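Peer 1: The whole structure should be built from the sequences, with the hints applied where relevant.
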Amino acid sequence: MLKIDSELRGILKTSLPLVVVELVASLYSLTDTYFVSGLGAEALAALGISGYIIMLLQTFNTLFVVPLMVFTSQCIGAGKRDLARLVTGEVIFLGLVTVIVLSLAWFSLGDKIVKLQSGASGLTFMYATSYLRIRIAGFVALYLTMSFDSMIIASGATVYSMIANSVGLALNAVLDPLMIYGYFGLPALGVNGAALATVVSNAVSIPIQLYFLKGLKLVPLFSMQPSTWRKSLDLGIPAFIERAVFALGNNVYAGIIARLGSVVMAAHNIGLRIESLIYMPGFAFSMTASALVGKYVGSGQLSEAKRAGWKAIVLGTLVVGVLGVIVGLTGYYLAQPFSPSEEIRKLASLYLALAGFSEFGLGAAMITSGAFRGAGNTRIPMLVNVSSLLLIRITLSLLLAGPLGALGPWLAMFIDVYVRGAGLLTLYKCTFEKLAKKIV
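Sequential numbering from 794 applies to the sequence shown in our numbering.
For lysine-lysine, the following DSBU-like pairs were computed, each having C-alpha atoms within a straight-line distance of at most 35 Å:
1. Lys1231 to Lys1024
2. Lys1007 to Lys1024
3. Lys1230 to Lys1010
4. Lys1231 to Lys1010
5. Lys1024 to Lys873
6. Lys1227 to Lys1024
7. Lys1104 to Lys1222
8. Lys1007 to Lys873
9. Lys1010 to Lys1227
10. Lys873 to Lys1231
11. Lys905 to Lys1139
12. Lys806 to Lys1222
13. Lys1024 to Lys1104
14. Lys873 to Lys1227
15. Lys1231 to Lys1007
16. Lys1099 to Lys1227
17. Lys1222 to Lys1099
18. Lys1230 to Lys1104
19. Lys806 to Lys1010
20. Lys1024 to Lys1230
21. Lys1010 to Lys1099
22. Lys1099 to Lys806
23. Lys806 to Lys1024
24. Lys1024 to Lys1222
25. Lys1010 to Lys1024
By construction, these hints were calculated from the structure, which means they are not laboratory data. Note that the structure is predicted; figures quoted are calculated from it, not measured.
Peer 2: This is the structure:
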């Protein structure tokens, strides 16, 4: 019993700083939505459209960020911290070159990407395109801060992650009204101000993260030796395919909703931002599961890895699920401050009711996927998540959007997350030892 209590305390100690980070990020997202809502429904819809596109584009970072977490956690578990510095430096360099090239291409195609994804026109199209291009211009900073953060989390020093991220997010929240509305003599940049504030805050986080990595003796040794690139891509490609197909599928999903009108898209975006208060802590427990499982697998203790991962899954799913029920029951009141009209408020509350009661399934899917990735297996999460997304969420959304309106795609989402959660939990319980891989 003492050992179990000790493990649970360790999971909580690692997870809680990340939960704080995710909650701060969610609160910032709501703040961002609140300030942009003052610009009208078109601006809110544009924020939602560009947000889905950014989610898709930044999946390319997964090619490198997921291997960084696995390499770091397993190297530390194996007692090879110097090797961690070497291999992470090689991976970060490869990713940096890739992100620079891709960002240049995406920037030039920004308007075409928005039109293809949403079919938006008028002010919504203009706002979404300009917001997207500014965010793309800052993708190098986003890639570096994601990379360094994944290494800090994998080391278990999640308090450092909390500090670095909280500073960046606090700065973002301060800059938002200044840049959007032009207070204190600054130019009023509107939606562009929200994008610029995010880019600046990402850049400010980087030196703070490097300072913490120096204290952890994990500053990457940048080099061009491709000795670990094959292993990195073996881990990164399945994770990238999963995130890319998932983000692409979510863009199709968002496109289905966007074609139901700006009012529906604005309500969906408000609901999604509020829902992030629930599922963002799920990301925290997912990263904790990855780090803990990776350390045990790196030291060759598969049974310990499975047990620690399972406890993180159960605890995190309960936290996310209970929060979901609370939000589902209070959605009408939570949506009020962000809704420019009563129609948007009612639609957002409907979304929150369905999303809130789906969080047990979503939490299980997210955290179990993280445990598998920490074990060096990125293929299982890819196969389960992608299959459910395409066969259930997208297919049902297309079938139900016509007869049911916004309710159709939201019901499809509800069913999808429970199918994914049940499938991943079953595979974890029955096949973990066979699927785990030690890579260092």
